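Asks: Note that full-length UniProt numbering numbers the sequence shown so that position 561 is 561, with each residue one more than the last.
Calculated directly from the structure, the hints in this document are not laboratory data.
Here the structure is a predicted model, which is why all the values come from computation and not from measurement.
The beta carbon of each residue, even a glycine, is placed where N, CA and C say it ideally should be.
FRET-style restraints, in silico, Cβ to Cβ:
| hint | residue 1 | residue 2 | range |
| --- | --- | --- | --- |
| 1 | 290 | 616 | 49 to 55 Å |
| 2 | 612 | 308 | 54 to 60 Å |
| 3 | 56 | 457 | 46 to 52 Å |
| 4 | 319 | 445 | 46 to 52 Å |
| 5 | 672 | 220 | 36 to 42 Å |
| 6 | 647 | 244 | 56 to 62 Å |
| 7 | 515 | 244 | 52 to 58 Å |
| 8 | 457 | 319 | 40 to 46 Å |
| 9 | 511 | 56 | 39 to 45 Å |
| 10 | 225 | 432 | 30 to 36 Å |
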Amino acid sequence: MADSLVIVESPAKAKTISKYLGRGYIVKASMGHVRDLPKSQLGVDVDQNFQPKYITVRGKGDVMKQLKDAKKRVKRVYLAADPDREGEAIAWHLANSLNIDPKESCRVVFREITKQAVKDAFKHPRPINMDLVNAQQARRILDRIVGYKISPLLWKKVKRGLSAGRVQSIAVKLVIDREKEIRNFKPEEYWTVTAHLSTGKETIQAQFYGYENKKTELKKEADVENLLAVIKGKRFVVSDVRLTERKRNPALPFITSTLQQEAARKLNFRPQKTMAIAQQLYEGIELGKAGSVGLITYMRTDSTRISDTAKEEAKNYIRQTYGDSYVSKGSKTASKKANAQDAHEAVRPSSVLRTPTDVKEYLKRDQFRLYKLIWERFVASQMAPAILDAVTADIQAGDATFRATGSKIKFHGFMKVYIEGTDEKKQEEEKFLPALEPKQTLTKKKIDPKQHFTQPPPRYTEARLVKTLEEKGIGRPSTYAPTLDTIQKRGYVLMEDKRFVPSELGEIVLNMMEEFFPEILDVTFTAHMEEDLDQVEEGQIDWVKLLAQFYEPFQGRLSVAEEEMAEVEIADEESDEVCEKCGKVMVYKHGRFGKFLACSGFPDCRNTKAIVKSTGVTCPTCHEGEVVERKSKKNRLFYGCTRYPECDFVSWDKPVPRPCPKCKGMLVEKKKKKDTFIVCTQCDYEEEKN
1 MADSLVIVES PAKAKTISKY LGRGYIVKAS MGHVRDLPKS QLGVDVDQNF
51 QPKYITVRGK GDVMKQLKDA KKRVKRVYLA ADPDREGEAI AWHLANSLNI
101 DPKESCRVVF REITKQAVKD AFKHPRPINM DLVNAQQARR ILDRIVGYKI
151 SPLLWKKVKR GLSAGRVQSI AVKLVIDREK EIRNFKPEEY WTVTAHLSTG
201 KETIQAQFYG YENKKTELKK EADVENLLAV IKGKRFVVSD VRLTERKRNP
251 ALPFITSTLQ QEAARKLNFR PQKTMAIAQQ LYEGIELGKA GSVGLITYMR
301 TDSTRISDTA KEEAKNYIRQ TYGDSYVSKG SKTASKKANA QDAHEAVRPS
351 SVLRTPTDVK EYLKRDQFRL YKLIWERFVA SQMAPAILDA VTADIQAGDA
401 TFRATGSKIK FHGFMKVYIE GTDEKKQEEE KFLPALEPKQ TLTKKKIDPK
451 QHFTQPPPRY TEARLVKTLE EKGIGRPSTY APTLDTIQKR GYVLMEDKRF
501 VPSELGEIVL NMMEEFFPEI LDVTFTAHME EDLDQVEEGQ IDWVKLLAQF
551 YEPFQGRLSV AEEEMAEVEI ADEESDEVCE KCGKVMVYKH GRFGKFLACS
601 GFPDCRNTKA IVKSTGVTCP TCHEGEVVER KSKKNRLFYG CTRYPECDFV
651 SWDKPVPRPC PKCKGMLVEK KKKKDTFIVC TQCDYEEEKN
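When you get a sec, could you build the whole thing from the sequences and use the hints?
Replies: Right under this line is the structure:
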C-alpha cells in the first residue's frame, strides 16, 4: 500500500513521475491553482496590511475532495508543483487547503522530469519557501490593485470590457511610441554606386567607398554625377587586398524570452503556442517502451546556466559525432542580469542523447519542431566557434575608391548544427571573392547607381516586443506570452503583416493613463518594481511594505482621475456596406483577430461579417469566382474562392494577379528561408520576387 501522496499540477506530469516513484507513492494532479482571489471583487483588504481573501477556484471542489480523500490514506504528502514562484504559491495554497504545516519538509523541486532528477528531489524535501510565496503574492496583489482599480474607471469613462495592467500598459506604450516614431520619420535620400568588374574569368561587385580612401556619402544625385565624372575613362586597379580571420561564437542556450523569439522567427509560433508546447515537452511525452519522459528542462527561466553533467554529456556527444575539434574549449556564459533568477538552468534537452531523429515518431509535428530547435541550440552552444576568412579588396578608379568584400567558412564549428535567426530579411550568407592581387587591372562591365531613402524603425513583431520587454527589465519570463495575448484581446493593438499596430482605442486609453497614472507607464518605475519583487523573493524586502509604498500615491492619483478624467465616446467608423438583414449601415469593429464589419443596429441586429480583401485573381478551379483573403479559426491567413461552398478552392500561398508566362496557370508567392519566390501551381516556372 502507498504511504506517500505526491501532488503536481497536471495529469501529464503526474503520469511521468509516477513511473519513477513506484508503488509506494500515489501521484495526483491539482490541475493548477486550487485557491485564488475572487473574480467578482478586489479580494484584498488594503486597510489590513493588504490581507488577501483567497477562495477555492470555481470547479476545483471535486479535485480538492479527491486530494483530501487520498491524504487520509497516506502517512506523508509531498507538494511537487513547478520550480518557480508560481509553483511555490500553488504548493502553499495546497498546504493551507489540506492542513499541512508549510514548515514541514513537504516541498520537492525538480527542474527536469527524468528518473535521476525526480529520485534526487525526493531525497531532499524542504519546507515551503515563504519568501518565494510572498514575492508571488505581492505581484498578484499589485496587479489586482492596478487592474481592479483602474479598469472600472476605464469602463465608466471609455467603454466596458477594458482592462489595465502594469506590464500590458508598458507593452502598449512601446507599440504606440514606435508608431509615433514612424509617423514623424522624415526619409533622407542617399545613393549607392556599384561597379560590376571582371577579372577575365569572374565578375565581382564593388561598392563606392570614398575618395582617397576616406569614406564619403553620396547624399544626392549631383554627388553621383560628380563621381561618374571622376571615374570616367579611368582604369579600375586593385590597390589593396586584406585577408582577415574572424571567429563567430555560438548563441547561448535558450532562456524563456529567447526561446519565444526564436520560435517566432524560425517556426512562426506565437509566444502562447511556444510555451504551451514547451510545457508538454517538459511534463512528459510517451516514448514507446520507455514510457512517459520529460524531454526538456523547465521552460520558465532567465538563466543560461548549464549543469556540469549536461555539459559533459553534450561534449561527449559532439566529440563522437563531429570530432574533437568541434568541442568548445571554453565555457561561455552571459553576464548575470541584476534581476535574473539563477536557480534554474537554461532551457535544454533533459538528455542530449535523445536526438530529434530518435524521438520524431513519438511527437506531433509542432512538438518535434520545437524540440529540434531546443536540442540544436543547446548542442551548438557547447561547440567550438566557427572560423570565417574575410577578404576586403580596395579598388581605385582615379581618386575614387571602391570596395569589394567577401567571406567563406574556413571551419564550420557550431554552424554545422545551428545558426541563430535574425529579424532581418536575409541572414548572413557566404559571398566569395576570386583571388585578387594588388596592381591587378579589372575590366569595367557596368556602373550601377541606385537611389535610396532611409527607412523608419520597423514595427514590433512579437519576437521584437518580447526582446524589448526583456531588455528593459519589464515583467518576468512567464508574463510575456499572456501579456501579448491580452493587449490583442482588448483591442489595444492589432496585427498587420505579423507586426503590431496600435488601434484608436489603444491610443485613447494610453493617453488617459499617461495623464493620470504616469508611474504605471514609466519603464524605469516598472523595472524597479521587478527588482523589488526579486528582493522580496530573496527575503530582503517586506512584501507588505512594498505594497504600501506603491498604494499610497496610487490611491491619490486614482481619486484625482475619478474626478477629472473626461468621458470619451469612440464613434464607430462607417463602411460603404449595408446590412443584408436589416438595411442599416455596417460599421468597422476591432476584435481579437483584427477588423470586421458589424451592423450599426446592434443589439437589435447582431449581423457581422469578415472584411473580404480581393487578390484580383480569378479562381483557377471554377473560373467564375474570385480568390479572396480569408482567415481560419486559428487566425491563419489563407485564400479561397468567393463561391464557397459551391467551389472548394483554397490556398495557403498568396496568389499573384498575373498568369504564369509559361503555361498561363496561377502564380503564388512561396517563402524559402528568408526569400520569397513566385512559382506556378501547374508547372515548374519560378522567379525570385523583387
